[in-house]
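K.L.:
Here is how the chains run, residue by residue.
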Amino acid sequence: MVSTKYRLWVFTITLTTLAILVFVLGNYFLSQGASSLTSRVYEYRFYRIFIAVATGMILGFTGSYMQASLRNPLVDHYILGVGGGALFTVYLTVMFLPKTIPWIISLAAIAGGFTALFLTIAIAESIGGSDIAYVLSGIGVSAMFSGLSITLSFIISTKNPYAIHLLLGSLITVSRKWFPAVIVLLAILWFSYILLSKPLNTLLLGDLYSKQLGFNPRLYRFLAITIAGASASITVAYCGIIGFIGLVSPHIARLLLKTVDNRFVIPVAGLVGSILLLLTDNISRVYLASSIGEVPVGALTSAFGAPFFLVLLVRRFRGRGL
Amino acid sequence: MTIKAMGLRVVYKGGVVAVNGVDIVFRKGVVTGIVGPNGAGKTSLLKALARLVPYQGLVYIDGYEVSRRPYSFIARMLSYTSDLDTPSFLSYTVYEALLLSRYPVSRGFLESRRDYEVVDRIVGELGLEKLVDRRLNELSSGELRRVLFAMALAREPDYLLLDEPDSHLDLGGKAEISRIIRRYSSGRTIVLTTHDLLFAVNTVDYVVVMDSGRVVLAGKVGEAIVNKGVLEKIYGVKIEAVWRNGRLLIIPLYHG
Amino acid sequence: MVRRISSTIIIILALLFTLLSSTAIYSQDNGGYYIVDMLGRTVYIRQFPSKIVSLAPSITETIFALGLEDYLVGVDDNSYNDTFYNISVYLRSHGVESVGGYWWSTINLEKILALEPELVIADKGAHLSLLSFFEENNITVVYVNGGSASSIEDLYSDIDLISRIFNKTSEAVELVSFIEEKISSIKRELLTYHGLRVLVIVGVWNGVWVAGKATYIDDLLSRLGFINVATVTGWKPVNIETISSWNPDVILVTTGMGLTNATLSEIGVYDLGVPVILLNSTETDLLCRPGPLVGYAAEAIAYRVIETVEPVMELPLSVTTSTTTIVKTHTETRTMVETSTVKEQYNETIASTSGLSGFLQVAITAIISCLIGVIAGYLVSRRIR
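Chains A, B and C supply the protein sequences, listed in that same order. Those letters in the first sequence? Residues -5 to 316, per our numbering, in order. Those letters in the second sequence? Residues 10 to 265, per our numbering, in order. Those letters in the third sequence? Residues 558 to 942, per our numbering, in order.
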């Protein structure tokens, strides 16, 4: 039997791995030709590492929340269309806004993200509400918003060359203005995790069981989706769509912990998300920068994440447990 | 320790009246079975008692009027058991499900030693040792029913509401569940619904017969059920009632 | 009750701490002057910068033309291999490094930081997205028109801007007048081609990219007496039908970016029945760099046109251009904020911490915020019980 102690160990080891990675990547991988490690290089590099760790953690959390509240292990903010919707409204705002004001762009992103989410859920429920229905509906909504976003991006790129990179998700363009928002998001996520993880656990047994265990399923579902949707939308606002981290991290967490219990899955998924994004961003930043040029990290996560997702789909269809 | 319902009505969306004015009392230490044809309102009545569906009228549990109370309050007192609605690919182990069933009474973020003690005890009492690490979606229906009952017991409630605890079970399974229910009946109030008259008659002390949302017959098993005229009318089937070895057997005669 | 108040206070304090830790304090400056660059930014420059990074070949060539190459510590990759002015040889022998590029997404930002430049000169079209990077990392950057130059005048303004940073204005004036003279003399040689309908194709990618109105190539063509048939504005992609409707007399094509005969014939350029001049790589470099060699670009175009196409006019007209007039109006144009010793309060926020400590500050803030979130969650959940 898998005990709580084992799970706490997994948590600790994951946390330590993350810490080691941060240290190693910060110091060891000197970029090509930097002859002296000046403090400015450190500064730039570590800020980039921070934002990668923080964003990965946010995505891990939001993916877990979405999967737990929708009882659907095939979703994350990208697949549900939240990312696409958020990006679209971010583009609209950037077109009219003279400079970057984080909170305005965040509000716009949240508006777009929730609109898309609402659409996805409505369509999915109308075609049966199964987990596959959600994936199909989400991808449709996402495609629609992506198409609109790409059209807008041509208009925007004259004004703001960041545009295309936001579409693919990139950590190159994140300015320090966003750091307060990110830190607040992290605090909110950890706060809500304590309050929501047990209720989310009960959701897995069905609404009826949730109620008879003493939790109002609609309330907790609403809270989890709202917090996850808003957080994911804000990440889109500052770094574009980085897909699949939210999808993959909870799965890896569940595999490592051998449980579905959200009290363990959510934080470990957060840590796994940090590690994944840190690694991917590092590959993009250090290795590819010298040959191809920095590939937007969202492109890399799609490249690695999409096959994983396909494997999940196949296993789901074959009826094996996830 | 009673559950009392007064003027209970359950009306679903679309105007379907499932329970049409029921006054009833369930007493401590008594196992009550609610029987009746399909659509009689058995399950809706049970759900209303646990405040799982909206209802009109009054429900008192332990003297508390429950419509204003939060779910958590009710959850500490009673447990409601029915078929699970789990996705097939994400599932708890039996042990985890048992611990989860203790959420209403388990303080704190992680489980306490008492939680583990109670769950271990129930596992022993119900003979679930071999099933403890199996996932819920891997169990046979008989095993699952035992586990669901164990989950109902896990928080040591005073009231057990069991919706068709014998469904999906073969004869042996039904007998086993019947024995288990009787074993835990002392000191508790148990209300169950069932389609199987024989199961009801062998398991419960009191019987409540419903038809079209109303209670048409209620009383101790020995006395009430013998009024087979009522039963024949609502089921539309000829019934033979036979006493054998001090037990009452209800035998439906399908072909006249 | 007490516990509830204190936990709320803790949460509020934590959030405040978080927000404040991301802001900045002032720092002072000492002796320098101000320049307004081509983005309209007022840039403060400390004395004469002795460590410069150039991010475009046109800028590098200007630096060499003005004799400022000693101050270079870093250049973009295209400059690094530039053969004009013997640039590539000089850079290698003087230990000047390449920072990648020239397009912004292939620039190694860390390398720029490591070189600790006192000034970066960037192209406002190609490097605009790096502006916030420069600002946040406290790097003085001046933007020139570069590829966004809409006329040869803009090009001259770039040369003028760079020269004023280093007080080489007289050299700049010489350079500009030299270029002007060259263009004028070439125009005189092209009198029989006055009014020739020309189109310049700069690339094929999702359409045929042409030099439209308000590009410096457009201006160059006009100064040579040609007519730029492209009616679009700026660098725009068009399709072959549009080109056909424009009815050019000759089409010039820059090579590079894999633009070959095969591609062109695939697109249908050869089917137009118009003479097509494929500029070789040297000619392409000359034409595509909005820098001091634009005079030679004019020369190159002229010779290729003459050898390919028949003249359009019979009688030469006598046209006089006054080169001195051109140069004088140019130096009088821009009214910039001149070198000033008056210190102004500079309201740019600069991070006060450096290196590791800045990161630790942010990281610790984040960790503490998370912990506070957890503790707050725990306290609230106990209350809800």
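Do not rely on the hints blindly, as some may be mistaken.
To be verified - List of simulated lysine-lysine pairs, DSS-like, C-alpha gap at most 27 angstroms:
hint	chain 1	residue 1	chain 2	residue 2
1	B	K242	B	K229
2	A	K252	B	K139
3	A	K(-1)	B	K242
In case anyone wonders, no lab produced these hints; they're calculated from the structure. Nothing here was measured: the structure is a model prediction, and the numbers come from that model.
K.L.:
Please go over all the hints and tell whether each is borne out by the structure.
P.N.:
Here's how the hints hold up against the structure:
Proximity of K242 of chain B to K229 of chain B is assessed by CA-CA distance (about 20 angstroms); at most 27 angstroms being required, the pair is judged to hold. With a C-alpha separation of about 19 angstroms, the suggested pair K252 of chain A and K139 of chain B falls inside the 27 angstroms cut-off, and the hint holds. Proposed proximity of K(-1) of chain A and K242 of chain B is contradicted: the alpha carbons are some 60 angstroms apart, above 27 angstroms.
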